[in-house]
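Participant: The residues making up each chain are set out below.
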Amino acid sequence: MPSDHDRELIHRLLDGDLAADERDDLLRRIKTDPDLAREYETLSGPIGLLAGDGRREAPPGFTEAVMQRLPERKPSLGEQLSGFFFGARVLRWNVATAMAGLMLIAAALLLTQLRDGVRTAPLTAAMQGPATVRLSFYAPQARQVAVAGDFNKWSVGSNLMERRDGGIWTIDLTLQPGRYTYMFVLDGTAWVADPGADSYQDDGFGSTNAVMKVSI
Amino acid sequence: MRPLRALTMIAAAALAAMPVLAADPADRVMDAIGRSGYSLEERTMLRQEASRALQAGVPADDLEVIVLRSRERGAPEAAVRELVGTAAQALEQKLPVRPVLDRIEQGLAKGVPPERISAASRQLVGHLAAAGPLVDGLANSGLKTMSSREREDAIESVARARERSVPDDVLRKTGELAAKHGRSMAQYDRAVRSLAFFAGSGVPVDRAEPVVRECVERNFTEQDYARLERNASETLRRGGTTDDVVRGAERDLRQGRSSGDGRSGGMQERGAGPGREMGGRGARGR
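Chains as they are written, first to last, in our numbering: chain W, 1 to 216; chain R, 217 to 502.
Don't read these hints as lab results, they were simulated from the structure. You can trust all of the hints, since none of them are fake.
Examples of chain W residues lying across from chain R (beta carbon under 8 Å, computed): (1) Asp150; (2) Trp191; (3) Tyr200; (4) Asp202.
What you are looking at is a predicted structure, and each value in this text was computed from that prediction instead of being measured. C-beta atoms are modelled at their ideal positions from N, C-alpha and C, and glycine is treated no differently.
Generate the whole structure from the sequences, applying the supplied hints.
Facilitator: Okay, structure coming up:
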């Protein structure tokens, strides 16, 4: 079995790097040592072939074609992260995608509100829609009864009540959920707070408004 | 007609109508001033003040109501200008303008003299300005605020409570208690309105405060507060004293809060039925 040193010497012999005395000594040993001779045969075959003139010229465009088929270099992890965070992007969208996005945002907002157990007033109002409230007032002597409040800018002529049997006046108001202050106006002059109101609130002028809370 | 052409025509018509629709309310305000019967000089000054108010963000519909109602009441131009200016001032100070407009419109509708409306509105603006930092301070100290509407409602309620001479210290402590118990700004708002209600009914603040504090601790709902206030109103209507009101409230608290009065859903009915006397404690003829 040839040693690594012998193999190295054979390589240098084939490359023509050995000094004359080293070359003669090695050749002599190759002739006498069958293992060394076999190693020499094994190594001299491919090297001799490569050294021969069987080399062919590549066809035109061969290099470019090979380069094009090579897979792109895989970017490093750092380059991938940098590209992910700082690389410019073009957002492609359509109406369906935008609507889906908006619905997702709305659902997330709704879930947040519900999780906290309280809904915001505008959201609730928008979701609930208006409610119908019937106000009634007993005033058999009155010729006309109206309801005025912050829902109609305290207009005495916008919401006239209807007279029913027994001197009862009624009106149906369609209002968004919320809190409203109001009074009944008798014959355009006498302002009366609803005796059956939810609660009452000072009007800032020494009188008291009725308060109603409208909910769905 | 092709759908595309029809859509284009509808869009063009809408675009053409937009400037007309947008300009309409402000024009109506100026028209109302033009037909007010004031002198040319007065109309010019009033127009200037109305422009300032519109620029500040006062809704044109409200300005139109103020001008028309003032004219019906025969209010002098200077008084109308002051009312319009007070509304503008509220918005210029970034305060909620709705309570100010409500007070002006309500006062004019009820026939309150313009100078009294003006004084009451200016006073309200002052209280609103003082209420803002108090409410924001409570929000910063943990009172949960879900929307700007809740904040504005609370500012209005604090301002109204201050009008009823409820001290800032009491309002702040009530808010701190609400925050401590994890209550929302809306719940604090309701507690403050109850404080103002009791104060307005003649109950001394030092008697009303413990009642309302207990309501906060017990997590009272709108219906619970309404029941408490209805009972108080009924006590006063029957000729009871403010001591009776407090004793009644304390009795209600001892008995525990109700589960609500079921006002939600379907047709909601309110008002006095047959057999009740016409009018009530708030009856006024002006």
